[in-house]
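Colleague: Sequences are here, hints too, so could you generate the full structure?
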Amino acid sequence: MKHDFFKTITLESLIDYIENPEKDHSSRIVENWLNADPENLNFFLKIKEAWLNRADLNDLRRENIDKDFDNVLRQIQALQTAKSGKTSASAKSFSMRLLRWAASVIIIMASAGIAYFIGRAQGSAPVKADVVYNEMIVPIGQRSQIVLSDGTTVWVNAGSKFRFPSQFSDRKREVWLDGEGLFNVAKDTSKTFYVHTSDLDVKVHGTVFNLKAYSSEDIIETTVVEGIVSFEMTESKAEKSKDIFLEPNHKAIYLKKESAIITEELKREVKEPLKPLKIIISEPVKVEPVISWTEGKLIFTDESLGNILQKLERKYDVQIIVNNGAINHLKYTGVLKHVSIEQALRALQMTTGIQYTIKDNIITISEKKEKI
Amino acid sequence: MQDQELFLWSRVMEDDSRAFEILFRKYYPVLCLLSKRYTHDMTTSREVVQDIFIYLWEQRKELEISTSLKSYLSAAVRYNSIRRLNDYHKVIILTDKLPDNSRELHDHLEYAELQTSILEAIETLPEQCRKVFIMSRFDELKYSEIAQQLKLSVKTIEAHISKALRLIQAHMDKTMIGIFIAWLYDLLQL
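So the sequence lines, in the order shown, correspond to chains U and A. The first sequence begins at 1 in the working numbering and counts up one residue at a time. The second sequence begins at 1001 in the working numbering and counts up one residue at a time.
FYI, nobody ran anything at the bench for these hints, they're computed from the structure. Please note that a few of the clues may not be correct.
[Claimed, not checked] EDC-like cross-link-like pairs, simulated, lysine to aspartate or glutamate; straight-line CA separation at most 16 Å:
id, chain 1, residue 1, chain 2, residue 2
1, U, K83, A, D1173
2, A, K1026, U, D68
3, U, K311, U, E221
4, U, K46, U, E19
Modeller: Here's what the structure looks like:
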C-alpha cells in the first residue's frame, strides 16, 4: 500500500466528500485528486468503505474487547473443569452451544434481509450511495462504446479509462476520462455535462466532440464536430477559467508543460505559437481523421510516421521500435481500414521507404536498404 | 516470527496468561475485522475469533507455527470464517472455489488493518476530543446537541472534530507504513 496519500489530500476533506458529496468547492478538490491517480481512487474506496462501516469499530471499542476477553477466559476455564471430569461443565458447554445455535438462527434471518437493509441504510445515509460509479477500462488494441443514463453515447478508445456514475445528479452530469473518447452528448441545457481530465475540464450542453487526454501524454486535444464546447482548467493551474468557446471543425490544444513535443501536424493546424498551460484554438481542421478511430479506420493526411506508429501501437497492441530517429519525420497519407497490423505496415513500407520485422509482439522499423 | 511476537508466544507456551492477554488485545480487533470480510456479521466474527483464541490457548504446547503468528492467525480466521458460513447458513462455499488464498486474504487483511488503524487512532485521541468524535460520528448526534450536552459552544465542537480527524490521519499515516513493512516482513519469512 502506498502510504503518502495524505501528502496530497487530508482525511478531513475525504470524509467531508463522503458525507456531503454535493458541497461544491471541496468536492472539486477531492474529485480532481481522485482523478489524478487510479491509486488515489483505490485508497479512497477503502477509506469510504471503512468509514461507512464504522459501526464495526464501535463493536470493537475497549469495553467490548474487555468483555470478549473475559468470555474467552471463562470458556477456557469451563473447558479445563470439563477435562477434570465435572459433568456440570459439559452440560454448561452444551447449553452454550444451544444458545449459539439460537443466535445463528437469528443471524440467518438477519442475513436474508442484508441486501434489503444495506439498500435502505445507504439510501437514508447522507452519502448518495445509490449512485454507483463505474469505471470502464479499455485495453490497448480495443475500443468500446457505451450509452450513459442520460442517453449520451461515448466511444472510448484503446488504452483509456472512463469513469461515470450509474445515474447523474440533479444538477450536473459529470464523467472522468483518461484517454481518448468521442462524445455525443444528449442535449439538456439545465444540466451541464462535464468531462474531467487530468488538467482540463470540458464543459458542454449538447454536442459531438472528440477528446484526447491520455494522462501519459503532454497534450490534450479537443475537436468539435457539432455544437459548442467550453473549458475550465483543473484547479489552480494557470489563469482562472476564462470561458473559451470552441466551434465545430476546430481543435483546442492544451500543453501540460513547456517540454511537450509538438508534432508537425499540430504546428500546421495552429497559427500562433503554442504556449504551455494555455488553450490555443486551431485553424479549421478536417474532423473525419480525428474521429475515424471509432470505425476502426485510421485516416492520415500527410502525417508523420512517428505519430502513425504511436496510433498503430495503441490500435494493435504491439510495441514498435524505430531504429533510426529520422524515420519518425517521414510523411504518409492514406486510409487504413479494417486491415491487420501486417497489412498496415506493408502499406507504409510501400510508400515511405521503410522496412519492418516482426518478432513476438515487437516490431522493429528501419530504413530500407538501397538496392545497389 | 518477529522478536516481540516470539517472546510473547514463548511466554504463552509456558502458561503465562498475561502474555496471552497481550496477544489477544493486539490481534483481536484486526482479526475480527478480517473475519467480518467473510461472515458479514460482526457478532459471528467475534465468536469465530474468540474460538480461535480458545483453541490457541488449548493447543499452545502442540502448535507448530512455521510462519509468523500473524500469518497463522489470519489463515485460521479465513478458514474458520468460511467454515462458519457453511455450517450455519447452509450456503456451501467450497474452499478451492475461492480465489487462491494469499492474494484475497492479503486484500482483506490490508483493509482490516486500515480499519484497525482508525480504531486505534480513535482510542488514542485526547479524552474530550474522543468523546465529541464518538458522539458525533458513532452516536450520530448533531453538533448543537453535543454542544448542549457537554456545555460547549458549537465552534468548539467543530474544532474538536477537525482536530480528531487530523490526529486520526496522522496515526494512519504512521501505521500504514508500519503495516506495509510488517507485511513485507511476513512475506519474507515465508
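Colleague: Decide, hint by hint, whether the structure agrees.
Modeller: Do the hints match the structure? See the list:
With a CA separation close to 47 Å, the supplied pair U/K83 and A/D1173 exceeds the 16 Å bound. With a CA separation close to 13 Å, the supplied pair A/K1026 and U/D68 stays within the 16 Å bound. Pair hint U/K311 plus U/E221 holds up; C-alpha atoms about 15 Å apart against a cutoff of 16 Å. With a C-alpha separation of about 15 Å, the suggested pairing of U/K46 with U/E19 holds against the 16 Å cut-off.
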